[in-house]
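Enquirer: If you want the building blocks of each chain, they are given just below.
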Amino acid sequence: MNHQLQLNKNGELLHLLTIEGLPASILTLILDTAESFTGVTEREIKKIPLLRGKSIFNLFFEPSTRTRTTFEIAAKRLSADVLNLNIAVSAQSKGEALLDTVNNLSAMHADMFVVRHSQSGAAHMIASHVKPDIHVINAGDGRHAHPTQALLDMFTIRRYKQDFHNLRVAIVGDILHSRVARSQIHALSTLGVPEIRVVAPKTLLPNKVERLGVHVYHDMEKGLRDVDVVIMLRLQNERMQGANLPSNEEYFKYYGLTPEKLAKAKPDAIVMHPGPMNRGIEIDSVVADGGQSVILPQVTFGIAVRMAVMSILAGN
Amino acid sequence: MSQRLPDAEFLLTELIKQLTPITHESMAMVGIHTGGVWVAQRIHQALNLKLPLGVLDISFYRDDYSKIGLHPQVKPSALPFEVENSHIILVDDVLYTGRTIRAAVNEIFDYGRPASIHLAVLVDRGQRELPIAAQYVGAVLSLPTNNMLELKQQSDGRLSLGLLDVKLAAE
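Top line first, the protein sequences correspond to chains A and B. Sequential numbering from 1 applies to the first sequence in the numbering used here. Sequential numbering from 1 applies to the second sequence in the numbering used here.
Derived by calculation from the structure, the hints in this document are not laboratory data. In this text, a Cβ means the ideal position worked out from N, Cα and C, and glycines have one as well. Any given hint could turn out to be false.
Heads up, simulated DSSO-like pairs for lysine-lysine below, C-alpha to C-alpha not over 30 Å straight-line [said to hold, decoys possible]:
| # | chain 1 | residue 1 | chain 2 | residue 2 |
| --- | --- | --- | --- | --- |
| 1 | A | K9 | B | K67 |
| 2 | A | K76 | B | K75 |
| 3 | A | K9 | B | K167 |
| 4 | A | K9 | A | K161 |
| 5 | A | K208 | A | K266 |
| 6 | B | K50 | A | K46 |
| 7 | B | K75 | A | K9 |
| 8 | B | K67 | A | K131 |
| 9 | A | K47 | B | K75 |
| 10 | A | K47 | B | K67 |
| 11 | A | K208 | A | K261 |
| 12 | A | K46 | B | K75 |
| 13 | A | K161 | B | K167 |
| 14 | B | K67 | A | K76 |
| 15 | A | K47 | B | K167 |
| 16 | A | K264 | A | K222 |
| 17 | B | K167 | B | K67 |
| 18 | B | K67 | A | K46 |
A few chain A residues that don't get close to chain B, going by computed Cβ distances all over 10 Å [as the list claims (entries may be wrong)]:
| # | residue |
| --- | --- |
| 19 | T38 |
| 20 | R43 |
| 21 | S55 |
| 22 | P63 |
| 23 | T69 |
| 24 | K76 |
| 25 | K161 |
| 26 | L191 |
| 27 | G213 |
| 28 | E250 |
| 29 | Y251 |
| 30 | G290 |
| 31 | Q292 |
| 32 | P297 |
| 33 | N316 |
All chains, full assembly: derive it from the sequences and hints.
Expert: Below, the structure written as structure tokens:
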């Protein structure tokens, strides 16, 4: 995939397709801009006129509640007109149907597409196809990338830990099927986190994951020792083919985040989860609802981060 | 630069003199980033105002966003007082086209409906493009359009005015 598609010749962001290949300056610009949007939600009128008259199409070829809703709220807070299209596609000839859809919506003068698709590269394909004044945001493509989720996670970490340069971060669970994990690892290393750990059984790790610069742990208690941030991932049963796991109970025993396992991390460690959570499978409810959990603030920050991405793209 | 610019500290004293007689218990003050905030901080302190100072970054309300995009360093806006029915003195360093003030007034109204807004500026350099006027003005200057008037803050907090060539400043 051509990652340079997302930047123009001045190095400004035209599309947000993946974190991979983006410089730290762009990630920081998005986080800083998001910071100034957080205040908007506390005002009498929770709207700013920045994207007034712009049409944003949410193209969701795969179901999603949280991501679609926060994109919709973000666009509305920026005064854009939002259209949600939940498109169920047949397994065959997806590529052709996808571009037909995009052509039709472009003919309706769309300014921006927010795309969620089960095929890796769907957002790239749209971005390489549309006219230069149309912007594309990848809201999750297959196992490939979910850049706005990674950015809101970085925003959350910065809010609670201030600086990235002295952190130890553990990502726990189904790394293999997770586009979120991939985007998080790229974002964390670009922003200068010195130690990124992945904690998972061998069957849920991609081949040669070490090449991404992460430390691999199969023992969760060892993997969580002295970490500042614990990122739990959702066990993606719907993406599993065959037997990656013996059973949910056994998974919880070894890789579920319980208060006992969390006690190995630093006392002020924060617990994150991109949602939706499988309670009792990858995370104990006591932890999910506990004092170290920042899972709900993540959702709130997601709105400001998506406002930042949309307003930076639409201005470039 | 041939034109002699007035001393910003002197203009600040002038502005404080004008504002002193109208100062009252519930007067609110709002500075516009960046220069307007410096001026507002000094006035706020000199007049010993009770309500905390508000700050606005009008980047999200600019009318040239679709042409030039988002300013790279947007600072958070904060109006830490009840805007509804308040009497606000809006402060900026330089009044020029009036477009910044238009944006600032729009932003204030998204926090509530103030009873009144008055405008205080260190320098009014004319060339208005909108029907906007300042009630309190440090000095009126006539400057060529290719000059940008810029307020600077020294490390000791003292303010000074400088002229920049627009073309050079854009680079």
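Enquirer: Looking back at the numbered hints, which does the structure fail to meet, lowest number first?
Expert: Those not satisfied are hints 4, 13, 15, 19, 20 and 33.
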